[in-house]
Amino acid sequence: MVGYGENGSVVGPQNLPTGGFSGVASGVWSLGEVAEASRDEIWPQPFSPESFVAIATFTGSSASSISFTSIPTKWSTLRVRVASNTDVTSNQHNVVTLNGDPNGPFNVDYSNAYSNTVNLYNAAALGTEWWPYSGNFPNKGSDPNNFPNSGEYWFPNANSTTFYKSGLFYGNTKSTTTYTATASDGGVVISGYTAEYTAATTTITMARYSGNWIDYTITLFGTCDL
Amino acid sequence: MTIGFQVLAKGTFTGNQAAVVFTNIDQSYSHLQFEITARGSAAQTRVNLHMNMNQVTTGGKYKLLGTQVASSSSGTASIVNDSGPTNDPAFLHICGNTVQANQLTAVEALIPNYSSTSFTKVAFGKSNACDQSGSGANAKRRYVDMVYEDTAAITSISWNTGGTGYFIDGGSYIMGAWK
Chain W
1 MVGYGENGSV VGPQNLPTGG FSGVASGVWS LGEVAEASRD EIWPQPFSPE
51 SFVAIATFTG SSASSISFTS IPTKWSTLRV RVASNTDVTS NQHNVVTLNG
101 DPNGPFNVDY SNAYSNTVNL YNAAALGTEW WPYSGNFPNK GSDPNNFPNS
151 GEYWFPNANS TTFYKSGLFY GNTKSTTTYT ATASDGGVVI SGYTAEYTAA
201 TTTITMARYS GNWIDYTITL FGTCDL
Chain X
227 MTIGFQVLAK GTFTGNQAAV VFTNIDQSYS HLQFEITARG SAAQTRVNLH
277 MNMNQVTTGG KYKLLGTQVA SSSSGTASIV NDSGPTNDPA FLHICGNTVQ
327 ANQLTAVEAL IPNYSSTSFT KVAFGKSNAC DQSGSGANAK RRYVDMVYED
377 TAAITSISWN TGGTGYFIDG GSYIMGAWK
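If you read the sequences in order, they're chains W and X.
This note's numbering applies: residue 1 is where the first sequence begins, and numbers increase by one.
This note's numbering applies: residue 227 is where the second sequence begins, and numbers increase by one.
It should be emphasised that the hints constitute simulated quantities derived from the structure, not laboratory data.
No experiment lies behind these values; they were computed from the predicted model shown.
Be aware that one or more of the hints could be misleading.
To be verified - Pairs of lysine-lysine residues, derived as DSS-like cross-links and limited to a Cα-Cα distance of at most 25 Å, are as follows:
#, chain 1, residue 1, chain 2, residue 2
1, X, K352, X, K289
2, X, K352, X, K236
3, X, K352, X, K287
4, W, K74, X, K236
5, X, K405, W, K74
6, X, K405, X, K352
What the hints assert, rightly or not - Stretch by stretch, here's where chain W covers chain X in the computed footprint (C-beta under 8 Å, at least three residues):
#, stretch
7, 230–236
8, 317–331
9, 394–400
Stated by the list, open to error - Reference excerpt, derived from the structure (chain X facing chain W, CB under 7 Å, subset only):
#, residue
10, E261
11, S267
12, R367
13, S384
Backbone N, C-alpha and C define an ideal beta-carbon position, used for all residues, glycine too.
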């Protein structure tokens, strides 16, 4: 037994902590062991559900689709940020489906502003668009390593069970250093969409309409829980 | 001190609210960010969504520059760059109650440097199409820059329908801040 102000050995069976928001560290711990566990990221973290939190990330050299599944419905807002090249020069659309329904009632319209002049390619407001979230993103350039296009899909109100799911995409498709006043120059893409169902979004699947993502990082973020 | 994004207030619209007012806003952050999903009760396609800094509802302090993009069923581009409405806190759009059922509009706004007492306040906001299943006239995305010509720190903000109806119950709002 040691007294106040004295340091003593911790005795008893070994305790192994688990990290993360749901981690636990039972038993008696010396400050040194706590510091070491924190350094090794195996010490429990305070849960802050109202923060801007990265939920999951896909990275790799090549993939034609990825899927975020079992998304907790505590997040009211979801965002998917994508940085990637691609290996195709046409049909660069990303086919984004919610809750695994490729033929679901999705509606999308998008605009692609390109070049150094005021040009705009605008797609129709489609009633039953089967690639529910389109846009020329990303786009392969002459040297794709120099053009890792990026963008963000924004899904507010994702956990609602009352209303349709409505959101926005914005990103870039810059694929060349030239400006020829044609869509192939690449440029800003903005897109609106509506998924016409009221179920909470628990799965987001992102597949290439053609080709693959190359050297991609795709991260799902969650914000808040109402 | 927590670095990053924190939600300061959140909720859902209930009881035919015509406004949600955030008061005594914590001044220790750098930027404010709002995320709102809403639908107006008015029997029209779109309803102006007002953002009142420090609850100033009228006057010449609000200057807006907006870009509105619409898609038509034929794929024809329709883009409107306009300056207005100026002198008016009508910031973005939400869908009214004549668009398809269950449709909400998604709104996001950022107010950097809101606690400054030296500079005029600026805000950037965007709202998505009101009804993409309808005609192009309904499918509009709006991107707006707002200048609020006042150097006072922003301590309260009202989001409201400008007296045109109220928010349909069930929409949601978040006020967060970045540090």
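Hint check results:
no., hint, result
1, X:K352 with X:K289, "holds, 16 Å"
2, X:K352 with X:K236, "holds, 19 Å"
3, X:K352 with X:K287, "holds, 20 Å"
4, W:K74 with X:K236, "holds, 13 Å"
5, X:K405 with W:K74, "holds, 23 Å"
6, X:K405 with X:K352, "holds, 22 Å"
7, 230–236, "holds (count 5)"
8, 317–331, "holds (count 5)"
9, 394–400, "holds (count 4)"
10, E261, "holds, 6 Å"
11, S267, "violated, 14 Å"
12, R367, "holds, 5 Å"
13, S384, "violated, 20 Å"
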